[in-house]
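J.: Sequence:
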Amino acid sequence: MIDLKLLREDPGRFREGARKKNIDADVDRAVALDARRRETMQRAESLRAEQKKLAKETGPAIGRLSGRLKSAEGEERAGLEAEIAEIKSRPAALKGEIQGLEETLKELESELDGILLQIPQPPDGDVPVGASAEDNVEIRRWAPAGWDWSKSFEANRGFRPKTHLELCEDLGLVDFPRGVKLSGSRSYVLTGDGMRLHQAVLRYAMDFMAERHGFAPMSVPVIVREEAMTGTGFFPSGREQAYHIEERARGAGHDLYLTGTGEVGLMGLHQSEILDEEALPLRYVTVSTCFRREAGAAGRDTAGLYRIHQFDKVEQVVICRPDEAESRAWHERMLGYVTELLESLELPHRLLQCCTGDLGPKNADMIDVECWMPGRGEAADPEDPGAGFVGDFGETHSASRLYDFQCRRLNLRCRPGGEGGKGATAFCHSLNNTVAASPRILIPILEMHQRADGSVRVPDALRSYFPRDAISGK
RNA sequence: GGAGAGGUGGCGGAGCGGUUGAACGCGCCGGAUUCGAAAUCCGGUAUGGCCUUCGGGUCAUCGGGGGUUCGAAUCCCCCCCUCUCCGCCA
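Heads up, the first sequence is in this note's numbering, so the first residue is 1 and it goes up one at a time.
These are computed hints drawn from the structure, not numbers from a lab. Errors might be hidden in some of the hints.
[What the hints assert, rightly or not] Okay, the calculated beta carbon distance ranges per label pair: (1) Arg-90 to Glu-240: 51 to 57 Å; (2) Glu-326 to Glu-39: 34 to 40 Å; (3) Pro-382 to Phe-159: 18 to 24 Å; (4) Asn-411 to Glu-240: 23 to 29 Å.
[As the list claims (entries may be wrong)] Once the Cα atoms are required to be at most 25 Å apart in a straight line, the calculated PhoX-like pairs of lysine-lysine come out as: (5) Lys-5 to Lys-106; (6) Lys-95 to Lys-52; (7) Lys-88 to Lys-53; (8) Lys-474 to Lys-162; (9) Lys-95 to Lys-53.
Given the structure is predicted, the values throughout are model-derived calculations rather than measurements. Using N, Cα and C, we set each Cβ at its ideal position, and we do this for glycine too.
Generate the whole structure from the sequences, applying the supplied hints.
T.: Right, dumping it as structure tokens:
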């Protein structure tokens, strides 16, 4: 949610922000509705003030006359009734007018709220303007000693790599046909060492954040109410991405949704709270199953573990004081944790500055991390299906800086002393970043650590989480 | 799933359809007293919106939403949540 006051002061900034992000949002309509809303509100309020005043003045008289009415008869009774009716008529006359204004107000607010929920957070000034992911800008890349970016995997390692699909098949790590039988397209079953490796990565990533970097480990619901989805900014724009559980139709009070990221649960924890400023920043890490309908992605990445409906993800979230410099510093730090993790896993990767068109509605800035996947990209030789692929980067992480956009929607504030403290409240800032999403992260792990004999070396960092030093399928 | 009880300010806890945004107590802040502290006494202590000549004014908020009424924390309806007992279950 954007700040209505800022919108009033500088609508151009939001118009420009939406344009840069390539998102439709009727900023001008919102400004006009806001003006009408305030005007209507003022009229309704002054009338109500008058009504309240009258009710207070005439109330005791009505009470007294009503008391006398009980024992009155005949002409006296008729006189009293007329007197009461006369006194009541003055505030009653205001009532109708106030109700009319309130109805108008409700309509204005409902339309305004709908538009406000769709006005995106303007991108930061230093985010490159661009239409889509094509215009993202590489910031830096890293690879372990011995890897030459200018050469293919085959030239680097001396043998032609298998794709993760081939490795999963040959080593018995994933059963795709049975996954599809159970749950349809984009489904899979992790088997044996596939499941072991999956668990090893998640557990390593969890410990890495909790024990090495001091994040508080949490397990949060993945079935949430609509407010959590709207509050975190995934609704309304991402509604079709979420699995919807229609509980209302069965008589329950509200429907539920499956979350596509642990961010929803972690951020929703403190919805409508006033946190103690001294307790900030809050640093949380969770591992949760993520559900994504992948609507609109039909035909893309249909094979393998890349784009799937259900996966597990270790996610980090930071809620800090509302200070741009502090937000920026945390963004860097949260990216640092990920590059440290990927270096420990010996995975070549690069950081991408996302352009305005790729930010989504809620982010002021977003940095993606992509790992090198030798089995991705175009066919090495279109004539020879056995020649493999040229390799490409694949997105494995995404670090978002949201400022107060999310906390405003969640009504998540802070102040010195917290709930009962003193001083003004302010909406907190929030950030989030992937730590490890599996099984997607298994793709670079398997493909980069495969050996000429078809086995896969388990990187040292995972050794204490995996029973052997290699996966050989035997 | 069945039966019952209940949601009031930072906390506890009153509350009659009519100057109740809300008694009282605790906590917190300021002051007095004290060499200092405790105790005591006095005063002040919610949030949000809108307007403002920046003094303030005004509206809303007693779990949430709707209704009755000239007037609702109080009466009616729906929903959410918590607790107790029974049943079921991991």
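J.: Each hint should be assessed against the structure and marked as holding or not.
T.: Hint check results:
1. Arg-90 to Glu-240: 51 to 57 Å: holds, 54 Å
2. Glu-326 to Glu-39: 34 to 40 Å: holds, 38 Å
3. Pro-382 to Phe-159: 18 to 24 Å: Since the Cβ atoms of Pro-382 and Phe-159 sit about 22 Å apart, the hinted range of 18 to 24 Å holds.
4. Asn-411 to Glu-240: 23 to 29 Å: Holds, since Asn-411 and Glu-240 (Cβ atoms, about 26 Å apart) stay within the stated range.
5. Lys-5 to Lys-106: holds, 20 Å
6. Lys-95 to Lys-52: The given pair, whose Cα atoms are some 10 Å apart, holds under the 25 Å limit.
7. Lys-88 to Lys-53: Cα-Cα ~13 Å, so holds.
8. Lys-474 to Lys-162: holds, 18 Å
9. Lys-95 to Lys-53: At roughly 13 Å apart (the allowed maximum being 25 Å), Lys-53 and Lys-95 satisfy the hint.
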